[in-house]
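Got chain A sorted already, so can you dock chain B with the ligands onto it with the hints?
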Amino acid sequence: MSSDHPVRYRGAETGSGGPVQREASVTALHRPAISVSGLSKTYASGFQALKNVDLEIRRGEIFALLGPNGAGKTTLISIICGIVNASEGTVLAEGYDVVKDYRTARSIIGLVPQELTNNAFETVHSVVSFSRGLFGKPPNPAHIEKVLRDLTLWDKREAQMMMLSGGMKRRVLIAKALSHEPRILFLDEPTAGVDVELRREMWDVVRSLRANGVTIILTTHYIEEAEEMADRVGVISNGEIILVEEKSALMDKLGSKELVLQLPEPLEAVPAPLRHHGLELAAEGYELVYTYDTQSEGTGIPELLRDMDQAGIEFRDLRTKQSSLEDIFVNLVRNRP
Amino acid sequence: MNIHGVRAIYVSEMARTGRTLLQSVVSPVLSTSLYFVVFGAAIGSRITEVEGVSYGAFIVPGLVMLMLLTQSVSNASFAIYFPKFTGTIYELLSAPISHFEIVLGFVGAAATKSLLIGVIILITAGFFVPLQIAHPVWMVVFLVLTAFTFSLLGFIIGIWADGFEKLQFVPLLIITPLAFLGGTFYSVDMLPPFWQTVTLFNPVVYLISGFRWSFYGIADVSLAASVGMIALFLVACLAVVSWIFRTGYKLKA
Ligand SMILES: Nc1ncnc2c1ncn2[C@@H]1O[C@H](COP(=O)(O)OP(=O)(O)OP(=O)(O)O)[C@@H](O)[C@H]1O
Ligand SMILES: [Mg+2]
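Protein chains in written order, with the numbering used here: chain A, 1 to 337; chain B, 1 to 253.
Hint data in this document are derived by calculation from the structure and do not stem from the laboratory.
There's no promise every hint is true.
Claimed, not checked - In the DSBU-like style, the derived pairs of lysine-lysine whose C-alpha atoms are separated by at most 30 Å in a straight line are: (1) B/84 with A/169; (2) B/166 with A/100; (3) A/137 with B/84; (4) B/166 with B/252; (5) A/146 with A/169; (6) A/257 with A/321; (7) A/100 with B/84; (8) B/252 with A/169; (9) B/250 with B/166; (10) A/51 with B/252; (11) A/247 with A/156; (12) A/257 with A/247; (13) A/169 with B/250; (14) B/250 with A/137; (15) B/166 with A/137; (16) A/51 with B/250; (17) A/137 with A/156; (18) A/156 with B/166; (19) A/51 with B/84; (20) B/252 with A/137; (21) A/146 with A/156.
As the structure is a computational prediction, the values presented were derived from the model and not from experiment.
Next up, chain A with everything else stripped away, as it sits in the complex:
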């Protein structure tokens, strides 16, 4: 993924969104899959679930939206998909306003909701075909069959929904969303209550969708899940997006650790023999800070200590510090204007 589409923050661009211009289809291809600007939501109860959210999802990426319970993940997705009204702000799907141009916008979006909902008495095949029709697509038995087979539902196609296990029901919800061939797919906590096998199967489906150019947005509570699947990760907390980052960059931050060496005498600068270790001075020269990657082969610590010994630099004490996701969040929240 290229990084030439920075996360859009408020004020940086359109603001409250004027009419969307229909540009030539060449530029249409470069529009972001989803672009959220200035989105706020206050529920009737008075609770503000989203606070001025700006977010841009690129075409064809897998975006993981990470956040604790009640952070606003489902609210955000529900607004994008048309299930909840926004209080303020606009959402564009491939450039189409999800309110003003709802037909076009919604026809390209598929949603797998967090809650398991179903029409108890209907068969798997009929509910999946229903979704395709509802989204305005002509019948295509071959496509329905493929979706059902990919999700190992084909043998259950004539089963009534109420006869399925929870995991099976979730597969059906995924099949419903895929039945109308969406270009953007939302998976709201797809792995909740799902066993290892289904999870693997689901990730296989997600990867093959991505290979076909489908943009995927999934929500999760688990950093590992984001790590496993996503190209980029967004973190939402208390209705605010507090971080959007390439997964690799995020993992680098998470994977790095600091070794702090406390010196008996302050140093003016990092001594020449130690320069190649990439050290930094801290605490007015009383501390040498060495940042290393816990995930790489060697940490470089033995070499550093040997070089220090040879250069005749002593230290009184040492400690190591892991930068956690939490640290990153805290810093982000604190550093925002």
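Frame of chain A, contents of chain B with the ligands only:
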């Protein structure tokens, strides 16, 4: 126009009817037959004729209307309440389908179902009494308009209801009494003058009167009043439905 979407809703609603065929068709037919036995036979032995029509035949249009009203309301209200209750409504809200099309699918299916039942009841009635239909076209117009209008009303009730009690409240406590008091079993002329006036505030009187006129050419109120009343009701229901969708009332947070 999302034709496939409307069709999907319509077909799936009709399939639901098919699954509950016994309940959907047998019970109204049974209760109509019971009305015939009880009212037609018991009262009919005392009142032999109303305005030149045998009592048994006289109550047929009223009975059909009674069933049409209650069936339309309960079919449509249940049809939209159910997805709200189970949560599958998310899909309707997230689909590229207009409000009008959603209503068309649901109300179309509910109206079709109650029309079917109406026709079945007419046929059943034919076994009990000789039927004559003086104005068949008007009869169909009244049937179709009433089925659609009250299916719309049912749709509104289904959206408004947040529990099964409310869902049953309106058909049971409002529609049925209005239909009973609306001249199903008697001619308005048979009431004392004061109650005749009161009755004219009951909208169902106009429906039954018009419908009965299409059979026997006799009416309590003028044809124009009957048609006007249905039209007024239809417009009112359409207005409420469009308001519901515009504001997302009880549908969207
Ligand atoms: N209809 C509603 N009315 C009032 N408050 C609501 C409503 N829906 C959600 N909320 C509140 O909005 C906040 C965000 O909810 P949301 O469902 O978006 O969180 P989430 O990030 O999806 O959480 P989870 O991980 O538990 O699914 C919560 O505090 C929730 O209580
Ligand atoms: Mg949620």
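Hints broken by the structure, by number, lowest first? The structure conflicts with hints 2, 11, 15 and 18, although it agrees with all the remaining ones.
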